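Chains as they are written, first to last, in this note's numbering: chain V, 1 to 426; chain W, 1 to 462.
It should be emphasised that the hints constitute simulated quantities derived from the structure, not laboratory data.
Among the clues, some could well be false.
Stated by the list, open to error - Pulled from the structure, derived: some chain V residues nowhere near chain W, Cβ distances all over 10 angstroms: (1) PHE25; (2) ASP67; (3) ASP69; (4) LEU92; (5) MET141; (6) THR142; (7) ILE163; (8) PHE191; (9) ASN252; (10) LEU263; (11) LEU356.
To be verified - Below, computed lysine-lysine pairings styled on BS3-like, alpha-carbon distance capped at 27 angstroms: (12) W:LYS162 / V:LYS420; (13) W:LYS272 / V:LYS304; (14) W:LYS272 / V:LYS16; (15) W:LYS39 / V:LYS321; (16) W:LYS265 / V:LYS21; (17) V:LYS321 / W:LYS272; (18) V:LYS241 / W:LYS199; (19) V:LYS21 / W:LYS272; (20) V:LYS80 / V:LYS125; (21) V:LYS304 / V:LYS321; (22) V:LYS21 / W:LYS360; (23) V:LYS129 / V:LYS88.
The structure presented is a predicted model; accordingly, all values stated were derived computationally and were not measured.
For each residue, glycine too, the CB sits at the ideal point set by N, CA and C.
One letter stands for each residue in the lines below.
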Amino acid sequence: MTNPTSQAEIVRQSLKRRYRKERRFRAYGIAAIAVALLALVTLFTDIISKGYTGFLKTTVTLEVTLDQDLMYLEDATDDKALRMADFKAPLLAALQKEVPQATSEREDQRALNGLVSSYATNELKDALKADPSILGTTQTMTFLASDDVDVYVKHKGDTTYSIKLSERQQQWADQLVEKGVIENSFNDVFFSHGDSREPGNAGVLGAMVGSLLTMLVTLFLSFPIGVAAAIYLEEFAPQNKLTDFIEVNINNLAAVPSIIFGLLGLAIFINLFGMPRSVPVVGGLVLMLMTLPTIIISSRAAIKSVPPSIREAAEGIGASKMQVVLHHVLPLALPGMLTGSIIGMAQALGETAPLLLIGMVAFIVDVPDGFFDSATVLPVQIFLWAGSPELGFIERASAAIMVLLTFLISMNALAIWLRKRLERRW
Amino acid sequence: MQPANLIPLLVVLIAIAFALGYARSRALAAPLGGIRHLKSLPFYYAARAAMWCGLPALLILACWLGFEGKVIQTLIVGSLPDDLRPESAGEASLILSQISNVASGALSADFVPEPIAEAATRLTALREDSKLMMTLLVVVIAVLGGFLAWLRIAPHINAREKFETTLRRIFFACAAVAILTTVGIVFSVIFETIRFFDKVPMTEFLFGSSWSPQTAIRVDQVGAEGAFGMIPLFVGTLLISAIAMVVAVPVGLMSAIYLSEYATKRVRGIVKPLLEMLAGVPTVVYGFFAALTVAPFITDLAAALGLQASAESALAAGLVMGVMIIPFVSSLSDDVINAVPQSLRDGSLALGATQSETMKKVIFPAALPGIMGGILLAVSRAIGETMIVVMAAGLAANLTANPLDAVTTVTVQIVTLLVGDQEFDSAKTLAAFALGMMLFIVTLVLNIIALHVVRKYREQYD
């Protein structure tokens with residue numbers, strides 16, 4: 001044994017080192033959390049900075065003279081004549097009035113035409129169809145700007161965006177912005193239209209309705225089935241091999257990759273049963289099978305948390321097993337089941353991969369109007385837009401992500417609120 | 001009538017059956033001197049009538065909806081003239097889609113041969129007939145079932161027992177859906193896989209080192225022979241998963257340790273939900289982030305360092321996937337660390353160990369099996385993850401370990417092979433099912449091991 005002072009000395013010296021290690025270890029922990037939170041913040045700022053412009057549309061407001069001679073249109077009530085009429089001419093004339101320096105040469109005219117969306121002529125036709133009496137008058141009308149103008153007006157000076165407008169068009173666009181002819185406003189098109197080939201005309205309404213229909217199918221199947229399965233497993237299942245097998249199955253299904261459920265849907269629902277592709281019913285069925293394990297597991301936890309004293313009291317006054325469950329256990333466990341199901345539904349709402357395989361990736365312009373109507377869903381719409389080379393679609397994909405995240409966050413917030421509000425502790 | 005409208009109608013019928021059953025049981029009880037002379041409460045008689053009304057009808061409805069499409073398809077194909085009759089399943093699906101396009105008005109009847117146009121009208125008629133028959137059948141069955149049950153209401157029948165037995169059977173059927181799903185998964189991949197191995201030898205699939213799934217359009221085409229060796233796909237999957245784990249394991253584990261051992265309650269209350277938010281972000285959003293922000297950033301960074309990085313580098317997909325898995329690792333490790341008994345912790349601290357020494361030398365070894373289980377679950381997550389790699393990883397099957405190169409994964413190939421139009425018996429489509437089977441087996445084995453390890457670990461300290 002060495003003398004005690006040097007022993008204390010050794011400890012004191014090593015203590016310094018040990019405390020340093022302790023601090024370093026703690027710093028690693030803080031660094032890890034910082035990395036995770038940094039990733040979260042980067043993700044959100046990236047999406048918001050890319051997508052907030054998606055909520056703005058660029059419009060061109062023009063004084064259009066619907067001249068009969070210019071349009072070769074005598075009578076706007078005649079459908080055939082309306083189809084043959086020239087709608088480009090009055091548009092160009094109106095643009096020419098706003099951009100006087102444009103010559104009547106073909107190149108200049110084409111450049112002028114490139115300022116408004118190619119849907120503008122359709123809008124003009126629809127306006128005439130709706131009210132034939134405006135033929136021959138001058139109307140103030142608002143059209144969507146072309147996508148190149150849209151990108152230019154929103155991201156002028158931002159080097160990460162490639163501007164496709166020619167020098168001349170850029171000059172004109174600047175001039176029109178100054179005059180207030182071209183302006184940005186809230187993008188109502190985005191919330192009132194289905195998909196489109198042109199970013200300016202594309203919206204998420206179709207995908208939102210598709211998601212809603214799919215989720216309805218999923219909810220109405222998976223909640224009752226999940227709750228019933230949980231009740232059986234917790235309250236009635238005898239201890240035997242079959243019950244064990246069911247339990248192992250449920251735990252494994254919860255961890256099976258979602259794309260496998262897509263293969264199941266493709267092989268069973270579409271090829272075996274001949275159900276149509278890309279309809280909400282099939283999507284809902286596949287997502288139902290996918291969310292079922294989550295709902296069963298959380299429902300079982302909710303049933304387990306009901307204290308045995310409640311069951312015993314009910315049994316004591318002569319209730320049958322089923323009465324105990326239906327009258328006492330189930331109402332008490334329901335809030336927990338609901339929260340679990342909402343979280344499961346949020347998962348299903350964000351799911352993409354299995355829906356790709358059952359054909360919900362088709363290009364669908366119309367807003368679906370039934371469970372058996374071709375549809376797409378929000379995450380798939382995001383996937384489709386993100387894969388598009390056009391900048392306008394990337395912007396809309398980010399905006400659609402914000403819409404999707406808003407739904408998901410509010411669903412999760414609802415679940416947390418319900419848990420806080422309804423949960424009882426015994 | 002549309003099935004979506006048929007269900008509300010059925011609900012109304014069930015409600016009527018319930019009400020009538022209730023009324024009848026009370027009416028039967030009245031002359032006996034009140035409902036206490038019934039074997040069960042009127043509610044149970046009524047519920048039984050409602051069940052008889054609803055259950056058979058719903059079953060019929062489900063079966064009809066399930067088999068309607070296939071039966072109509074077979075009828076239509078069978079009614080085609082001999083020269084148009086399809087020889088293969090691929091041809092059949094082509095003709096059927098043509099017919100249904102004509103029927104839905106997407107394709108004008110003038111552009112197709114006469115028999116196809118006729119078949120389209122027949123298809124519309126058949127669909128109408130089927131809908132009508134379904135409606136009639138379901139309503140008749142519902143009314144009949146309800147009526148029979150209503151007739152059989154008698155004071156001496158113990159309706160409660162019968163109702164409860166049926167309900168319990170329904171509950172069991174719901175629990176059995178889990179088994180059915182597994183069986184469905186196995187069957188849906190196994191048949192196609194067997195057919196795939198008829199065309200491509202299993203050894204080539206398992207050990208081949210080149211993957212270029214194409215089937216020849218012409219016989220003499222260059223590269224007509226597709227190559228179906230899955231090694232490059234597996235290596236690509238493992239590479240991306242490994243990058244993901246390199247990110248997720250240290251970050252997830254260290255944040256779990258900090259949150260459970262060091263953080264105050266307030267910090268924990270703020271940071272934990274934020275971490276869980278990462279888990280709630282849909283994978284398509286991560287894919288978008290990986291493909292449009294991280295991948296270009298990595299390419300630029302590599303160029304600045306004088307390296308060549310592919311625009312679809314494995315690194316981008318792997319890093320983002322790692323971020324996705326962080327909350328998964330951290331919440332599983334958190335559970336495991338919290339399950340280590342407090343006595344171990346107190347014992348170590350009492351001996352004078354610092355908190356980090358306690359953590360490293362006592363708690364971590366004790367929690368290791370559980371943490372390993374959690375990591376295995378995370379690996380299986382990474383292997384099966386689809387959207388991030390579909391959007392950010394490449395399609396070319398390179399056999400490489402360089403994280404800056406583009407690689408492809410099993411899930412990417414499944415999606416590419418199955419999205420869009422496809423014929424159902426080409427080796428290309430079947431290959432997707434074979435890959436799906438591999439994926440299912442690998443993740444299943446990982447999950448079983450992981451769940452087993454975690455359970456063993458929990459039992460140790462419970």
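Tested hints:
| no. | hint | in the structure |
| --- | --- | --- |
| 1 | PHE25 | 4 angstroms, violated |
| 2 | ASP67 | 35 angstroms, holds |
| 3 | ASP69 | 35 angstroms, holds |
| 4 | LEU92 | 34 angstroms, holds |
| 5 | MET141 | 32 angstroms, holds |
| 6 | THR142 | 31 angstroms, holds |
| 7 | ILE163 | 18 angstroms, holds |
| 8 | PHE191 | 20 angstroms, holds |
| 9 | ASN252 | 6 angstroms, violated |
| 10 | LEU263 | 4 angstroms, violated |
| 11 | LEU356 | 5 angstroms, violated |
| 12 | W:LYS162 / V:LYS420 | 39 angstroms, violated |
| 13 | W:LYS272 / V:LYS304 | 25 angstroms, holds |
| 14 | W:LYS272 / V:LYS16 | 32 angstroms, violated |
| 15 | W:LYS39 / V:LYS321 | 18 angstroms, holds |
| 16 | W:LYS265 / V:LYS21 | 24 angstroms, holds |
| 17 | V:LYS321 / W:LYS272 | 40 angstroms, violated |
| 18 | V:LYS241 / W:LYS199 | 39 angstroms, violated |
| 19 | V:LYS21 / W:LYS272 | 25 angstroms, holds |
| 20 | V:LYS80 / V:LYS125 | 12 angstroms, holds |
| 21 | V:LYS304 / V:LYS321 | 16 angstroms, holds |
| 22 | V:LYS21 / W:LYS360 | 11 angstroms, holds |
| 23 | V:LYS129 / V:LYS88 | 16 angstroms, holds |
Hint check: violations occur at hints 1, 9, 10, 11, 12, 14, 17, 18; the rest are consistent with the structure.
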